[in-house]
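K.L.:
Sequence:
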Amino acid sequence: MQSRKLTAAAKLSLLGGALLLSAISVSAQAGCGEKTTECIVIKGDSQKTLECEITVCANLHSFLSRWQLADGTTLSTDYTDDSESITINGEPGYALPADILRAELGCYSTFATNKAETTLVCGRDLDF
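In mature numbering (1 follows the signal peptide of the UniProt record, and there is no 0), the protein residues as written are -30 to -1, 1 to 98.
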């Protein structure tokens, strides 16, 4: 049996083909992770720290997260190439800018005209 060695150009061609195929198939595959962590809910002057379960799924074109807190509070985020949606207990919300928060926090808030109606939800250690 004769041994065949691939030339550098052939190796690059095979690598390029493998990368092209993986780029095509990545968008069809999603990865998900679940984490139990500590969340903080602030509504008006009330603040509570609760256990929460966070599920995150992502692929090349989208990202979503689902938060379920021990008190029944829910938070959903959906990001795609074309849109984004954030809800807290079904109400529209927004992400607080990371540069105004402590490094270990990720926070979301509802839109409200006064402090008493605003719900703020923060999660700790959100690295997956």
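The set of hints was computed from the structure by calculation and includes no laboratory data.
Each hint should be verified, as a subset may be incorrect.
Claimed, not checked - Here are the in silico distance ranges between beta carbons for each label pair: (1) Asp52 / Thr19: 31 to 39 Å; (2) Gly3 / Asn84: 30 to 38 Å; (3) Glu21 / Asp48: 17 to 25 Å; (4) Phe81 / Ser32: 19 to 27 Å; (5) Asp97 / Ile70: 13 to 21 Å; (6) Ile70 / Ala(-1): 13 to 21 Å; (7) Cys2 / Ala82: 30 to 38 Å; (8) Asp48 / Lys5: 28 to 36 Å.
To be verified - Keeping only pairs whose Cα atoms sit at most 20 Å apart, straight-line, the calculated DMTMM-like set for lysine to aspartate or glutamate is: (9) Lys18 / Asp52; (10) Lys5 / Asp41; (11) Lys13 / Asp48; (12) Lys5 / Asp48; (13) Lys13 / Glu61; (14) Lys5 / Glu87; (15) Lys85 / Glu61; (16) Lys18 / Glu87; (17) Lys5 / Asp95; (18) Lys18 / Asp69; (19) Lys18 / Asp48; (20) Lys5 / Asp15; (21) Lys85 / Asp97; (22) Lys85 / Glu21; (23) Lys13 / Glu87; (24) Lys5 / Glu61; (25) Lys85 / Glu74.
Just so it is clear, the structure is predicted and the values come from calculations on it, not from any experiment.
Using N, Cα and C, we set each Cβ at its ideal position, and we do this for glycine too.
K.L.:
State for each hint whether it applies.
P.N.:
Status of the hints after comparison with the structure:
1. Asp52 / Thr19: 31 to 39 Å: For Thr19 against Asp52, whose Cβ atoms are near 36 Å apart, the range 31 to 39 Å holds.
2. Gly3 / Asn84: 30 to 38 Å: Given about 36 Å between the Cβ atoms, the range holds.
3. Glu21 / Asp48: 17 to 25 Å: With Cβ atoms ~24 Å apart, the hint holds.
4. Phe81 / Ser32: 19 to 27 Å: 23 Å, holds
5. Asp97 / Ile70: 13 to 21 Å: 19 Å, holds
6. Ile70 / Ala(-1): 13 to 21 Å: This hint is violated: roughly 31 Å between Cβ atoms.
7. Cys2 / Ala82: 30 to 38 Å: 31 Å, holds
8. Asp48 / Lys5: 28 to 36 Å: 18 Å, violated
9. Lys18 / Asp52: Distance ~35 Å between Lys18 and Asp52 Cα, so the pair is violated.
10. Lys5 / Asp41: 17 Å, holds
11. Lys13 / Asp48: 23 Å, violated
12. Lys5 / Asp48: It holds: about 18 Å lies between the C-alpha atoms, which stays within 20 Å.
13. Lys13 / Glu61: 14 Å, holds
14. Lys5 / Glu87: At roughly 28 Å apart (the allowed maximum being 20 Å), Glu87 and Lys5 break the hint.
15. Lys85 / Glu61: Given pair Lys85, Glu61 holds - Cα atoms ~15 Å apart, limit 20 Å.
16. Lys18 / Glu87: Given that 20 Å is the threshold and the Cα spacing comes to 16 Å, the pair holds.
17. Lys5 / Asp95: 10 Å, holds
18. Lys18 / Asp69: Outside the cut-off at roughly 23 Å; violated.
19. Lys18 / Asp48: 25 Å, violated
20. Lys5 / Asp15: Cα-Cα ~28 Å, so violated.
21. Lys85 / Asp97: 29 Å, violated
22. Lys85 / Glu21: 24 Å, violated
23. Lys13 / Glu87: The hint holds at about 7 Å.
24. Lys5 / Glu61: Cα-Cα ~24 Å, so violated.
25. Lys85 / Glu74: Violated. Lys85 to Glu74 sits at ~24 Å, over the 20 Å cutoff.
Of the numbered hints listed earlier, those contradicted by the structure are 6, 8, 9, 11, 14, 18, 19, 20, 21, 22, 24 and 25.
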